[in-house]
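Q: Taken in sequence, the protein lines are chains L and Y.
Heads up, the first sequence is in our numbering, so the first residue is 7 and it goes up one at a time.
Heads up, the second sequence is in our numbering, so the first residue is 7 and it goes up one at a time.
Be careful, since some hints might not be right.
Treat identical chains as interchangeable: a pair holds within one or across any two.
With a straight-line Cα cutoff of 25 Å, these simulated PhoX-like cross-link-like pairs (lysine-lysine) come out [claimed, not checked]:
# : residue 1 : residue 2
1 : Lys10     : Lys258
2 : Lys19     : Lys258
3 : Lys340    : Lys398
4 : Lys194    : Lys10
5 : Lys221    : Lys391
6 : Lys258    : Lys17
7 : Lys90     : Lys194
8 : Lys166    : Lys10
Bear in mind the hints are in silico, worked out from the structure with no lab data behind them.
Small disclaimer: the values here were computed from a predicted structure and weren't measured.
Number of protein chains: 2
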Amino acid sequence: MSYKLSDNFSKMKPSATREILKVTSQPGMIAFAGGSPDTDAFPCEEVKKLSSQILSENPVSALVYGVSEGYEPLRENVKKWLIKNENISFENSDIIITSGGTQVMDLSTRVLTSPGDAIICEEPSFIGSLNCFRSHGCRLVGVEIDDDGMNIRKLEQAIKDNPDARFIYTIANFQNPGGTTLSIEKRKAMYELARENDLIILEDDPYGRLRTAGKSLPSIKSMDTDGRVIYAGSFSKILAPGIRVAYAVVPKAIVPAFTIAKQVSDVHTGVLNQMIVSRWFDEYDVDKHISEIQKIYRRKLNLMCDCLDKYCNDFISFVRPEGGLFIWAKLDEKIEMTEYVKRLLEHKVAVVPGSAFMIDDTAPCNYIRLNFSTPSDENIIKGVKLMAEAIKELRI
Amino acid sequence: MSYKLSDNFSKMKPSATREILKVTSQPGMIAFAGGSPDTDAFPCEEVKKLSSQILSENPVSALVYGVSEGYEPLRENVKKWLIKNENISFENSDIIITSGGTQVMDLSTRVLTSPGDAIICEEPSFIGSLNCFRSHGCRLVGVEIDDDGMNIRKLEQAIKDNPDARFIYTIANFQNPGGTTLSIEKRKAMYELARENDLIILEDDPYGRLRTAGKSLPSIKSMDTDGRVIYAGSFSKILAPGIRVAYAVVPKAIVPAFTIAKQVSDVHTGVLNQMIVSRWFDEYDVDKHISEIQKIYRRKLNLMCDCLDKYCNDFISFVRPEGGLFIWAKLDEKIEMTEYVKRLLEHKVAVVPGSAFMIDDTAPCNYIRLNFSTPSDENIIKGVKLMAEAIKELRI
Chain L
7 MSYKLSDNFS KMKPSATREI LKVTSQPGMI AFAGGSPDTD AFPCEEVKKL SSQILSENPV
67 SALVYGVSEG YEPLRENVKK WLIKNENISF ENSDIIITSG GTQVMDLSTR VLTSPGDAII
127 CEEPSFIGSL NCFRSHGCRL VGVEIDDDGM NIRKLEQAIK DNPDARFIYT IANFQNPGGT
187 TLSIEKRKAM YELARENDLI ILEDDPYGRL RTAGKSLPSI KSMDTDGRVI YAGSFSKILA
247 PGIRVAYAVV PKAIVPAFTI AKQVSDVHTG VLNQMIVSRW FDEYDVDKHI SEIQKIYRRK
307 LNLMCDCLDK YCNDFISFVR PEGGLFIWAK LDEKIEMTEY VKRLLEHKVA VVPGSAFMID
367 DTAPCNYIRL NFSTPSDENI IKGVKLMAEA IKELRI
Chain Y
7 MSYKLSDNFS KMKPSATREI LKVTSQPGMI AFAGGSPDTD AFPCEEVKKL SSQILSENPV
67 SALVYGVSEG YEPLRENVKK WLIKNENISF ENSDIIITSG GTQVMDLSTR VLTSPGDAII
127 CEEPSFIGSL NCFRSHGCRL VGVEIDDDGM NIRKLEQAIK DNPDARFIYT IANFQNPGGT
187 TLSIEKRKAM YELARENDLI ILEDDPYGRL RTAGKSLPSI KSMDTDGRVI YAGSFSKILA
247 PGIRVAYAVV PKAIVPAFTI AKQVSDVHTG VLNQMIVSRW FDEYDVDKHI SEIQKIYRRK
307 LNLMCDCLDK YCNDFISFVR PEGGLFIWAK LDEKIEMTEY VKRLLEHKVA VVPGSAFMID
367 DTAPCNYIRL NFSTPSDENI IKGVKLMAEA IKELRI
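Whole structure, please, built from the sequences with the hints as guidance.
A: What follows is the structure, encoded as structure tokens:
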């Protein structure tokens, strides 16, 4: 029996960092390697109440087939919310509900790219999206990030060098893993470049509402007069990830293609899941919930940053993020990153090697990604202290 | 702003039958065009109770990220159930939980085919799967069906003519739309042909448990000693479709590729959804539920077949299915199918033109697909009578 994989899948290399990631979920491990929101931030009581209401009042409505575009009341609620909070216009765009945020990247890549096409993205970037693009046979073109997001001069060069680029992928708010936020000037500049080169922008915004400092910046989608921005939003970080409800704001001209792509992917997103989120808007103050959970993230982000400043100042540098879930920590040049990550594991502290987020994950990289939302406050302190311990051993 | 679609999506033609399908959900319409299970067959009370238990006892466990392969207790429950009921062995195979049955077709096509590759399937076949295959740029090779399923001589020829075929797609039980069931001899013959030609079989079995007459036949997967069969099962028809939980039994050698495909598609299937199904196995007698709902389907299938025999005998012929949801009705040669379908719509009876299930949906076709699970008993009788009315007008 021979199994011939597709051209795209036979090119997917096993991840160089997968082996390290495997051990990060071992018991007793301090989890700085995760990417989950804080479970204390889940509105558990609300979900329980809403689910019970839905299944008591009209269970059949939650159990029948839905339409591919998504549950209409949820689409309307999200639209109203985005108009109010993000100043997004729906004149030339519409909403498609997806099964989690990753599905927006998947549908976009399916609809807009052919194998071999280039996708321009930040480097480092979210491994899940990079793997999604890779799985469609796309060529990744990385553009480095400054403290205020993607380097625009290098973006311009990348566009020039890659006329087969189909879209620019950006996580403008609290980038994963970089922690950086694209400045307003750069948002405008990126949009202008896209316009000049007739490119689409895929704006992935899972963390935008998890702002813990500074002022909210307008999304690139809010500047989109041409219909060239696809905006990906998600309830994974503000409600809960296990519910798998997210959405794409898609230019109307390509909504039919997205709808077909959604249909052939999974027909539609779970109806009960969508109804829970829709009723959450109807019966609760979602924005108030978000300000509540921002307090949790603010506390933890500051705690981890303060601890890093206190205990690891001599070998780690980072840009303090204004939100999100991650700190992108640069190690002193003299430290061999992979060696340090292994040493940390021995101390039961799990972090993600920065190379995981690179386009070529075998190239040298002296960053690690730290997550502060999964561990407890106590473990944040303990873990960072252990990070300082481990470095001493390395220097012996 | 120009929107260049992917090679695959720019080749997707708008469906010739979509316009007709659009009007089928109009109010007052007798719905013979649907494909939904009977809502009376949903275990609503059970779902409500299970969901409430899960969200009371440990809500966080239902709201956190899950693993891509699926919720472990559900995987174990499905395995045990398949070993017992379907005699499927897990020595060389494993289970991946998917977001509905269509996702199994999608993952299989992603992992195993490249654009231009051929997929051999029954013709007619399920439009959702055909569109999924098309969306990946695959070339569909149709093999006609006899009363006992795919014509094996023609399958052999199709394999010979298409050395680039990657797999055989079959709905062996109560085919959609054909209503036919692949005989045991043909199952063996198909497996042998696959073996001789080193082909994979994608066995789609959403309706297998909805048997209303005759004896269950062993699945092709149960004969699979080589690990060349991917088996797609679903809870859409035995529990409820809106919950979007299905599964693939996949040869172990390609489980890693399937897991990556699942990960980049939607990370994992909703956890609450999976927990509800898993607890359904723990706390209820799933097989007893299935025998209960089989009574509903038996009653409705026989009612529609009897009505067709009584009122439409002179212009419609069909093979009485032993289960499933559909009757594949052949119109008298003198009837122009599209004209008849339009006339039926005027009488507020919606059916699906058979051409929708053909590889070339513009070719002549004198079949219509009738669904008996969606309409009430009363509407089945009324609708079939109207079918007889409408034919009289056509003959004037």
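Q: Each of the hints needs a verdict: does it hold here or not?
A: Hints, one by one, checked against the model:
For the homomeric pair Lys10 and Lys258, the shortest alpha-carbon distance between copies (14 Å) is at most 25 Å, but the shortest distance inside one copy (38 Å) is not. Proximity of Lys19 to Lys258 under the C-alpha cut-off of 25 Å is restricted to the inter-copy arrangement: shortest distance 18 Å between copies versus 36 Å within a copy. Taking CA atoms no more than 25 Å apart as the test, Lys340 paired with Lys398 passes inside one copy only; the shortest distance there is 13 Å, against 89 Å between copies. Proximity of Lys194 and Lys10 under a CA criterion of 25 Å is satisfied inter-copy only: 23 Å between copies versus 46 Å inside one chain copy.
Taking the closest pair of Cα atoms, Lys221 and Lys391 never come within 25 Å of each other, the shortest separation being 31 Å inside a single copy and 67 Å across copies. Taking the closest pair of Cα atoms, Lys258 and Lys17 come within 25 Å of each other only across two copies (19 Å); inside a single copy the shortest separation is 33 Å, beyond that limit. Taking the shortest Cα distances, Lys90 and Lys194 sit within 25 Å of each other inside one copy (21 Å), while across copies they are farther apart (61 Å). For the identical chains of this complex, Lys166 and Lys10 are inter-copy neighbours only, at 19 Å across copies versus 36 Å inside a copy, given an alpha-carbon limit of 25 Å.
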